[in-house]
Every structure is written in C-alpha cells, then in structure tokens.
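Trainee: Read off the chains here:
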Amino acid sequence: MNLKHWTLAGLSGAALMMAACTKAPPPPPPEPPPPAFEEPVAPPISAAPVPVPPVPVTVDTMPAYRARIQGRIGEVFRTIYFAFDQSSLTEEGKATAEAIGQLMKEAPGITVRIEGHADERGTNEYNLALGERRAQAVQQYLTSYGVEAGRISVLSYGEEKPSVEGGDESSWSKNRRAEFAPSF
Amino acid sequence: MSSFTKANKPFHARAAAWGLVPAIVLLLAGTALTPAAEDVVITSEQQGADVIALGRTDFTCVRGNPKAVPYNPGDVIGADLDFSGRFRVKRAPVFTPVAKALFQQDGALAYVRGEYALEGDRFSMTAELVDINTGEIILRKKYAGPKDAMRRAAHQFSDEMVFQLLGEKGIAQTAIAYVNRRGGAKEIWSMDYDGAGPRAATRNGSINMNPAFFGAKDKVLFSSYLRGLPQFYLTDVDQPAMTPVFPSRGMNSAPAYNRMDKELAYASTADGNSEIYRRAASGGKAERLTFAGSIETSPSWSPNGYEIVFVSDRSGAPMLYIMDRDGSNTRRLTYDFAYCGSPAWSPKGDRIAFAAIDDGNNLNIYTIAPDGSGAVRLTSGGSNESPAWSPDGRFIAFSSTRLGTSEIFVMRAEGGEARRLTYSGGNSTPAWSDF
Numbered sequence: 457m458n459l460k461h462w463t464l465a466g467l468s469g470a471a472l473m474m475a476a477c478t479k480a481p482p483p484p485p486p487e488p489p490p491p492a493f494e495e496p497v498a499p500p501i502s503a504a505p506v507p508v509p510p511v512p513v514t515v516d517t518m519p520a521y522r523a524r525i526q527g528r529i530g531e532v533f534r535t536i537y538f539a540f541d542q543s544s545l546t547e548e549g550k551a552t553a554e555a556i557g558q559l560m561k562e563a564p565g566i567t568v569r570i571e572g573h574a575d576e577r578g579t580n581e582y583n584l585a586l587g588e589r590r591a592q593a594v595q596q597y598l599t600s601y602g603v604e605a606g607r608i609s610v611l612s613y614g615e616e617k618p619s620v621e622g623g624d625e626s627s628w629s630k631n632r633r634a635e636f637a638p639s640f
Numbered sequence: 003m004s005s006f007t008k009a010n011k012p013f014h015a016r017a018a019a020w021g022l023v024p025a026i027v028l029l030l031a032g033t034a035l036t037p038a039a040e041d042v043v044i045t046s047e048q049q050g051a052d053v054i055a056l057g058r059t060d061f062t063c064v065r066g067n068p069k070a071v072p073y074n075p076g077d078v079i080g081a082d083l084d085f086s087g088r089f090r091v092k093r094a095p096v097f098t099p100v101a102k103a104l105f106q107q108d109g110a111l112a113y114v115r116g117e118y119a120l121e122g123d124r125f126s127m128t129a130e131l132v133d134i135n136t137g138e139i140i141l142r143k144k145y146a147g148p149k150d151a152m153r154r155a156a157h158q159f160s161d162e163m164v165f166q167l168l169g170e171k172g173i174a175q176t177a178i179a180y181v182n183r184r185g186g187a188k189e190i191w192s193m194d195y196d197g198a199g200p201r202a203a204t205r206n207g208s209i210n211m212n213p214a215f216f217g218a219k220d221k222v223l224f225s226s227y228l229r230g231l232p233q234f235y236l237t238d239v240d241q242p243a244m245t246p247v248f249p250s251r252g253m254n255s256a257p258a259y260n261r262m263d264k265e266l267a268y269a270s271t272a273d274g275n276s277e278i279y280r281r282a283a284s285g286g287k288a289e290r291l292t293f294a295g296s297i298e299t300s301p302s303w304s305p306n307g308y309e310i311v312f313v314s315d316r317s318g319a320p321m322l323y324i325m326d327r328d329g330s331n332t333r334r335l336t337y338d339f340a341y342c343g344s345p346a347w348s349p350k351g352d353r354i355a356f357a358a359i360d361d362g363n364n365l366n367i368y369t370i371a372p373d374g375s376g377a378v379r380l381t382s383g384g385s386n387e388s389p390a391w392s393p394d395g396r397f398i399a400f401s402s403t404r405l406g407t408s409e410i411f412v413m414r415a416e417g418g419e420a421r422r423l424t425y426s427g428g429n430s431t432p433a434w435s436d437f
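These protein sequences, in sequence, are chains A and B. With the first letter of the first sequence counted as 1, position 166 gets the number 622 in my numbering; the numbers rise by one all the way through. With the first letter of the second sequence counted as 1, position 113 gets the number 115 in my numbering; the numbers rise by one all the way through.
Calculated from the structure, these hints are not laboratory results. Quick caveat, the model's predicted, so the values are computed rather than measured. Glycine residues also receive a C-beta, built at the ideal position from the N, C-alpha and C atoms. Keep in mind that the hints are not guaranteed to be accurate.
[What the hints assert, rightly or not] Sample of chain B residues facing chain A (criterion: CB under 7 Å; computed from the structure): (1) T271; (2) S296; (3) T299.
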C-alpha cells in the first residue's frame, strides 16, 4: 500500500465533500471516518516511499490538518477594498489576493465565492455590474496566480448589502469591497 | 368655440355623442382657454391659466356607518383632480348658496358631488359632475362592489372626468411598485399611484430588486437573490408569488418591458460581463445586443419599441447611449456629466429621464431630448434616483434621500414641488404601471 495514494484519497474526499457545501465559511462538519495516516500531510513527491506496516497505527492527523488550514483561511481571506468607481486592486488588495492564492494552491480542497460590493452612490443597476467587475478583478488575480478557475465563483451584491450604514466616505470606503466566502 | 373644438376633438366627439355639448362647452368656455388661439391644447406646460376650476362637496353616506371606511370618496376624487394638475378644486361640505358663491368666485362652472352606501362588505356609490347654475348633470357614474374597492371606484370616476373633459386617459387607477428594505431584506412592494394601500408583493426575506411592470397592472417582474445569483421572478401584487421566469446563466437584472412588441430587455452576465439582452416576453431564446466588454445595463425602451436607451461605461464613466432594437446604430447621448444612470424613456417619446451626478456625490433627476439637446435638472437636495414616468407622461416618480431616509416622491415632468408617497424609510427604485 502506498501512503501517497491514501493521502490523496483522503484529501480529494474532503475536497469533494466541501465542494458540495457552497455556503459561507461553515463550521467544520462532523468528521467522516478518516483514512488512517502515519504522517500529518502529504510528503513531497520526491520523498522516499515509507514502508507501510500491515496494520495502520491509528493516529488520526486529518483533524489537525483541517484545523491548521481553517486557521489559515481565517487569517488570509480578508476583505479587499476599492477606490470609488474603481475595480483595479490596490497594492494592499494585491497583497491580500496573493496570500489567498498562496493558500489556495497549498490546500486544493479550498473553493471560494468572491462577493463584490459597491457603495450606495450611483444607481442600483450600475453598482450591481460594478460589484461584479470587482469580484472578477480578484478572480482574475487569483487565476493568474495559478488557482484553477473552477475553484472560484463570483457574485455581486452591488449596493444591496452594505457592510456599514452611513452616508459619508468613511462608510462608503468600507462598502466598496470584495468579500470571500471560502469553503473547505 | 371652434378654436378649441379642434384641439379637444376626443372630448368634443364624445360629448356630442352623449348630448352633452352645451353643458361642457359652457364649462370649458368659463376657463381661461384663449378663444382666439388656434390649436389650443391643454398640456402640462400650460398649467396655471389653463387649469379648469371645479367645486366639490363631500359625498353623503346614505346607508351604513361612514366610519367603516377611513376616507370620504369625495376627498379621494378631489385629491386626484388636484394632483392631475388640470383642475383646481374648491371644497365645501355640502352644496349651499354659500358654497355655490365660493365655487363661482373661483371660476368654477361645475362641481362634483356624490353619495354612497356601505352595507355589510359591500359599497355602492354614485358620483356626479353637475352644472352649478342649472343643476344639470353633466356626468354620472354608479359603482358597486366589495367595500375595499370603493377607493378604486373613486379613482375610476376621476379618470372618467379626465377622459370626458380632456379626451385623455387619467392615471388615478395606476400603481407604483418599489423596493422596501427592512434590515437585510429587500422586498418588492406596490401601492396606489397616490401612495395609498402599500402592500408587500414578495415576502421571502431575500434581496429582491429592479421591479418592472410586466404587461399588466398587477404583474411585476423583478430580480431576486433567493436562489443565489440574481434571477428573474414574477409576482402578482394582489397575490404575492415567486414564479421563476427566464432562467439564465449569470446575474440577471434591470428588466424593461416593451409593450409594443411584448419583449423584455435586461442586463445579464450570462456571457461574462454585464451586457444587454432582449427576448420575447413569452420565452424563447435571448438575443445579445451589446458586445462592448464594458458595463452595459439599465435598458429602457422607446415607446414605439424601435430603440433602447441604456447605460455604458465604455468611455470610462457611465453615460447614456441609444441603440436600435437589434443592437445596431449605437450613439452616445450624454457628455456633460460625471455619471449617468437609470434612464427612462417618456411614454410620449420626446424626453428621457435619468439620474446624473454633475458635481459632488449626489444624483439628481434630469430629462434630455433623445437627440441629446435640452438637458434640464429637475431635483435638488439629497440623492435623487430611479426616475419612472407615469403612463400619461405628465409625472415622474423617483426615490430621494432629501428628508434623510430614502422615500418615493412624485413630481411633474417639468420638475417643481414633489409629493411624498412613502413614509416607512428604505424605499427605492419605483416603477409606474401602465394605465
């Protein structure tokens, strides 16, 4: 038995399970009966094959792996903000997107919905399209970073779902944003 | 006399058929129409001097408890006629010699009176337009139905007066659909054109937006996040429903109904970014009309269905453009603004209303001729958005934050004082029904 196969099977099983769950960051679902592991994560491809004992030692490392990735998700998927009527990423936005891309490449089980938003200025219809454009700008950044397009979906809420109520720039600047709803 | 006989052909023809010519000619002769002028047409531009003076009395409740309905039908009719801008109405509780003098002092030659009965769940009502001097009845209508419908009957009589005296359809029986926000939810609501009877047309707790009347006064098409990406649904304002229609990939929004050809124009991201599409209201395949790659949204049909005005930011900022119904012959309409949005083509075809930012952050309502000339600003104070024409083209409904929260207002198509229709806060994006 090859450990690599076990590991991939375990990861893709988790990925499939999570792909079915497309809602906002869910609490970790109850653990399925996990395959047994001897080591915390997949060893590099180049790693020498490890002899597998006839009876696997029942040290379950999947929860630890999942917890670690969940923790990273919480740190990395931060809201990206935009300038008025703009959909290009600021330097800060690019740094955030890069960290997200890095994590998504590291943990192929992560999928994400990017939700674009606009501030209340302007018309509802145009802002809907503007929010979409912002979400797509982030999506494009992630795919050009190497994240598979199929793992990213976009949605715009336009000006319909402000994060902050208020009619001044300090509120508006918090509402011109792309939020992330990652699943893992 | 002949001078305005020509202009008021519909009324004249009808009045002759009804044998009412003497009374009505007398009525109109008393107004400030200039007998010398050829082609006198009573238009909204001529308000003031050409307003017809009328008297009205309260309607008498002859049976039942008048407190069973929270209004007097005479008040509803009086408000309709006043609001139409074509009548100047003086009220007296009952027709007495003093009232007669009051009416005549104001130039009125006729007055509105009526009576009604409330029995069980039903009403009956008779409304009359009466010659002040002779007592002759110029117009009489009887109505009966469920008690809830008496208000509608009063509106019907108002429209009847507009039709008989001016030869045009009145708007007193029209409705306005809009979006009401409560917490994070946005529901579609509708109300009478005067703000009475607001009622929810959706109750799903999701975000519902962009209401548009869909071929009938009770059918509203809108876009909803109910199942994730915004998709179109149809509801009946009297029987709320969530009927999915025109399912499509991507986000679908900003529907506009073309009643000439029973078609829909709308914005969709089905092919990647927001572009404008057209499809038959009966279903069928959508045809993509724009290919600019920029944001294209907010289509509105010319009344003959030949052209579509829409928003595009292909120049950098959102501006208005007009294209033919097949997507060809696109030309830019607006230049002198920082931002233009939500165009609405007038029912007469001669103006396009829209919201624009010319300086600062606030939107204001403007109208412009379809050839790009004669832009006029109609609002000030707060942010004024989403203009919607009354079906007779004489009024524009819009949302405004001028009093703090966002409410629906109505103003004349030339601007001026606006009448507030909603009071609950969080009301936006009005759509005005057809007649």
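Trainee: Tell me the hint numbers this structure goes against, listed in increasing order.
Mentor: Violated hint: only 2; rest satisfied.
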